[in-house]
Amino acid sequence: MKKVVKYLLLLLVVGLVGYQSVYFRKLSEYRKATGEKFDAPAFSKKIWDEQLPGKSDSAIALTDLIHALEASPENAFAKHSHVLGIGNYRYSLVKAEATVAMINEDEIILQIAHADSLMIVRLATEFIYGNAIRDASGLVDIKDFTNTTDLNAISEELNRIVRTAVLPSFKKEVKQGDKIEITAAAEFNKEHLYFNNLELIPVSLRIIK
Amino acid sequence: MIALASYKKNISRFQSVIALFILCIVLGVLSDKFFTAANGLNVLRQVAVNVCIATGMTLIVLTGGIDLSVGSVLALCGAITAGLLKNGLSFPSADLFVGFTILGAVLAAVIIGALLGSFSGIVVTSFRVPPFVATLAMLTIARGLTMLYTGGHPISNLGEDFAYIGTGSLLGVPVPVWIAAVVVLIAVFITRKTKLGRYIYAIGGNETAARLSGIRINKVKLTVYAIGAALAALGGVIVTSRLDSAQPNAGISYELDAIAAVVIGGTSLNGGKGSVWGTVIGAVIIGVLNNGLVLLNVSPFWQQVVKGAVILLAVIVDKAGDKKE
Numbered sequence: 001m002k003k004v005v006k007y008l009l010l011l012l013v014v015g016l017v018g019y020q021s022v023y024f025r026k027l028s029e030y031r032k033a034t035g036e037k038f039d040a041p042a043f044s045k046k047i048w049d050e051q052l053p054g055k056s057d058s059a060i061a062l063t064d065l066i067h068a069l070e071a072s073p074e075n076a077f078a079k080h081s082h083v084l085g086i087g088n089y090r091y092s093l094v095k096a097e098a099t100v101a102m103i104n105e106d107e108i109i110l111q112i113a114h115a116d117s118l119m120i121v122r123l124a125t126e127f128i129y130g131n132a133i134r135d136a137s138g139l140v141d142i143k144d145f146t147n148t149t150d151l152n153a154i155s156e157e158l159n160r161i162v163r164t165a166v167l168p169s170f171k172k173e174v175k176q177g178d179k180i181e182i183t184a185a186a187e188f189n190k191e192h193l194y195f196n197n198l199e200l201i202p203v204s205l206r207i208i209k
Numbered sequence: 001m002i003a004l005a006s007y008k009k010n011i012s013r014f015q016s017v018i019a020l021f022i023l024c025i026v027l028g029v030l031s032d033k034f035f036t037a038a039n040g041l042n043v044l045r046q047v048a049v050n051v052c053i054a055t056g057m058t059l060i061v062l063t064g065g066i067d068l069s070v071g072s073v074l075a076l077c078g079a080i081t082a083g084l085l086k087n088g089l090s091f092p093s094a095d096l097f098v099g100f101t102i103l104g105a106v107l108a109a110v111i112i113g114a115l116l117g118s119f120s121g122i123v124v125t126s127f128r129v130p131p132f133v134a135t136l137a138m139l140t141i142a143r144g145l146t147m148l149y150t151g152g153h154p155i156s157n158l159g160e161d162f163a164y165i166g167t168g169s170l171l172g173v174p175v176p177v178w179i180a181a182v183v184v185l186i187a188v189f190i191t192r193k194t195k196l197g198r199y200i201y202a203i204g205g206n207e208t209a210a211r212l213s214g215i216r217i218n219k220v221k222l223t224v225y226a227i228g229a230a231l232a233a234l235g236g237v238i239v240t241s242r243l244d245s246a247q248p249n250a251g252i253s254y255e256l257d258a259i260a261a262v263v264i265g266g267t268s269l270n271g272g273k274g275s276v277w278g279t280v281i282g283a284v285i286i287g288v289l290n291n292g293l294v295l296l297n298v299s300p301f302w303q304q305v306v307k308g309a310v311i312l313l314a315v316i317v318d319k320a321g322d323k324k325e
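Respectively, the protein sequence lines represent chains B and H. In case it helps, the numbering used here puts the first sequence at residues 1 to 209. In case it helps, the numbering used here puts the second sequence at residues 1 to 325.
Quick caveat, the hints were computed from the structure, so don't treat them as lab data. Note that the structure is a prediction, hence the values are computed from the model and not measured. Virtual Cβ for every residue (Gly too), placed ideally from N, Cα, C. Keep in mind that the hints are not guaranteed to be accurate.
Said to hold, decoys possible - With a straight-line Cα cutoff of 25 Å, these simulated DMTMM-like cross-link-like pairs (lysine to aspartate or glutamate) come out:
1) H:Lys-86 - B:Asp-64
2) B:Lys-179 - B:Asp-64
3) B:Lys-143 - H:Glu-207
Unchecked claim - Derived list of chain H stretches under chain B, where covered just means 3 residues or more per stretch with a C-beta under 8 Å from a C-beta of chain B:
4) 21-30
5) 154-168
Claimed, not checked - Negatives, chain H to chain B, calculated, CB over 10 Å:
6) Lys-86
7) Phe-91
8) Gly-104
9) Leu-107
10) Ala-108
11) Ile-122
12) Leu-145
13) Leu-171
14) Leu-256
15) Val-288
16) Ile-311
17) Leu-312
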C-alpha cells in the first residue's frame, strides 16, 4: 500500500513538472504566428534606401564629435553613439569634409581640419567588414531579433552594399588632392580613446572638386 | 606529543582555509578594492559555476576517476537550453510544435547532461576504458554535437526571465550563488549521510575491498559520472543565462578549473580522500586568485602562470601528506 502511494505521488509530481515544462501547438499555427524566415537583404535594403539617408543628413560632424568626446566622453557617447551588445566599443555616424592626402591599395588617407591643425583619418576602401555601419546607424534594435545570425546578416548586407554600390565609382574617380564629403561609421573604444589615424567605414562619398 | 600530532593534523585539515585566509589578507593589503561588498559578490558570482562543476567532479575524483568532458557538456547543455527555449521542438510530419518553458528547458538540459555522464560511466565501467580516455572522447563528442546543434553560431536573446538565473539577485545574493549553495549542501548530505556517499569513499579508498564487501562498483561509478555531468549541465544553464546567449565555444578549459578546485581543496586524485567543502574552498581560492590578479593589473599571461603554480603547489602538498600517512 505504501509503495502504491509513493508511486502515485511520484507520478503526480512528474505530471505537474511536465505540465509546467512543455506546451503543445499545431506547427502550422506556430509558424504563422512567429513569421517567415528573416530576409536580411530586403531588411537591409529598406534600411539603406529609406532610413539611412535621413540618419546620414543628421550625422554629427567628426570634429564636433571629437570636441564633445574630449570634453565629456560619457555625455558624448550617450548622445552621439550607439551600441548593440555589451563591451567598450561605441559606434557613431559622422560626416566630414576632407582632403585626399594619399590613395593606398586598401584605404585612402584623409586630412581633416581640426582646431588649428590637420587630423589624419583612414577611410577603408577595400575591407568593409564588421558591424560598424549597422551599429552606427542606430536603426537596428537587438530586441527585435532572436539570433545573432540574423543580426550579422544585416551587417554583411550593408557592408556588401557599400562595397558594390558606393566604393567602385568613387575609387575610379578620386585623385590625390581632391576635396571630398563623407558620411561614415566610426568605431571608438571607450577605454582607449584616440582620434588620430582613426579608421572610418564609408556610407556615402562625394567628390566636391 | 599527542597534542602536537593533533595540532599538525588540524593544520593539514584546514590548510586550504588557511591558504584562502592568507591570500585574502595579502590581496586586501595590495588592493583597496578587494575588501568591498561589490567585489565579494562579484567573486562569488564568478565562482558559482565552477563550484557546481567542481562539486560533481569531487564525487568522481573521490571514486578515483576523473571527467574531462564537463566543459563540453556545459556548452552542449547550455546550447540545448537556449535552443529549446528559443525554438522548441518541431515535428512537421505530425504538424506538432513542442514549446519549452524555462523550467522545461533547464530540466531537459540537466537530464541530457546526466545521460551524457551515464554514457561516460558505462564506457568506464563496462568497457574498462580509463576515465581519462573515456571522458576525453566525450569531450570531443559533446563539443562536436554543440557545433552541430548550433551550426557554430551563438543562440541569443533568451529573455529577461531566463537571464534572472544568471544575473539576478535574491536577498542581495546573486542567484547563481544560491544555486551553487543548494548543490553543495545536497552533495555534502550525499557524501556524509547516505549509503552512496560511503560507497564513493570506499571505492576510492580501495576498490577491490569495496567490491569484496558487496558494493556494486559499476552502479556507483555510473551514478557519480551522471551527477557530475548533470551539474556541468546546470553550470551551462547559468553561463547561458548570464551571457543571455549560448556560445558554441563556451566552457573551454572549465574542466581544468574544476579539477584545480578539487585538488586545491585537498581531494586526493587517487580517490578516497577529500570533501565537498574542501572543493568549495578550492574554487573560492581560484576565484579570489583570478579576481586579485585582475585587480592588481597582472598580465593575463602571468595570471595563467600563477594559477598553474598554485595548482602544482597544491598537488605537491597533497602528495607530501599522502606519503606521511
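I'd like to know which numbered hints this structure contradicts. Please list them from smallest to largest. 1, 3, 4, 6, 7, 8, 9 and 10
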